[in-house]
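Each chain, written out:
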Amino acid sequence: KQEVTQIPAALSVPEGENLVLNCSFTDSAIYNLQWFRQDPGKGLTSLLLIQSSQREQTSGRLNASLDKSSGRSTLYIAASQPGDSATYLCADTGFQKLVFGTGTRLLVSP
Amino acid sequence: GAGVSQSPRYKVAKRGQDVALRCDPISGHVSLFWYQQALGQGPEFLTYFQNEAQLDKSGLPSDRFFAERPEGSVSTLKIQRTQQEDSAVYLCASSPSASEAFFGQGTRLTVV
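Protein chains in written order, with my numbering: chain V, 38 to 147; chain S, 2 to 113.
Hints in this document: simulated from the structure, not taken from any laboratory. Just to be clear, a hint being listed does not mean it is correct.
Stated by the list, open to error - Think about it this way: if two alpha-carbon atoms lie no more than 30 Å apart in a straight line, the pair counts; the simulated DSS-like pairs of lysine-lysine are:
#	chain 1	residue 1	chain 2	residue 2
1	S	LYS79	S	LYS58
2	S	LYS12	V	LYS79
3	S	LYS12	V	LYS105
Chain V with its partners taken away, still in its complex shape (with noise of 0.2 Å):
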């Protein structure tokens, strides 16, 4: 059974940092890695998607990687800024279903 785990749950950085979120799975056998961001009171917005036979993609400021032999999975976020602030989920996307991470909290400060 897939295991998804985050670290750190919560961060606070000053605006203009650099900053890297981790996601760790348990089975290798990751079907695709999705990074999304949740704001409070609203839906997942997909930010990012990894294939499985894909090492990172970016887009933007955000650039996801992914290592399936040492199970991670890193989201960077370059030049933060307070728009950045949202709660982060790592999901193995299996065939038949997403498994989440429990998330990171994100606060960038001005």
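On the provided structure of chain V, position chain S as indicated by the hints.
Same frame as chain V, now just chain S:
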């Protein structure tokens, strides 16, 4: 519409009342998922549809929970005899295949 639409956005139910939550997936998406998210937790899988077929309902917490997608598009999650522990945000997602999933805004259910 362009995205996954869920209704209602908010629902307050008295304990024991039945509720029905609706999900309109992105047109043409084969896969549809329901998730339950408790406060401060990650989403937990409830059930999965491929077109009209419910292929996995292993996450439904009890036989009070029932989901359907009769024509392979709109889906309804029904909760009978609601209890306080059913209070959560219910999220629906759709996907064109086994790839990127797109989520709706969710329905926040509060059972009083």
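How the hints compare with the structure:
1. For the hint pairing LYS79 (chain S) with LYS58 (chain S), the CA-to-CA distance comes to about 13 Å; that is within 30 Å, so the pair holds.
2. Restraint check: the Cα-Cα separation between LYS12 (chain S) and LYS79 (chain V) comes to about 15 Å, which is no more than 30 Å; the hinted pair holds.
3. Annotation: proposed proximity of LYS12 (chain S) to LYS105 (chain V) is violated, straight-line Cα distance about 41 Å (limit 30 Å).
Checked against the numbered hints listed earlier, the structure breaks hint 3 alone; every other hint is satisfied.
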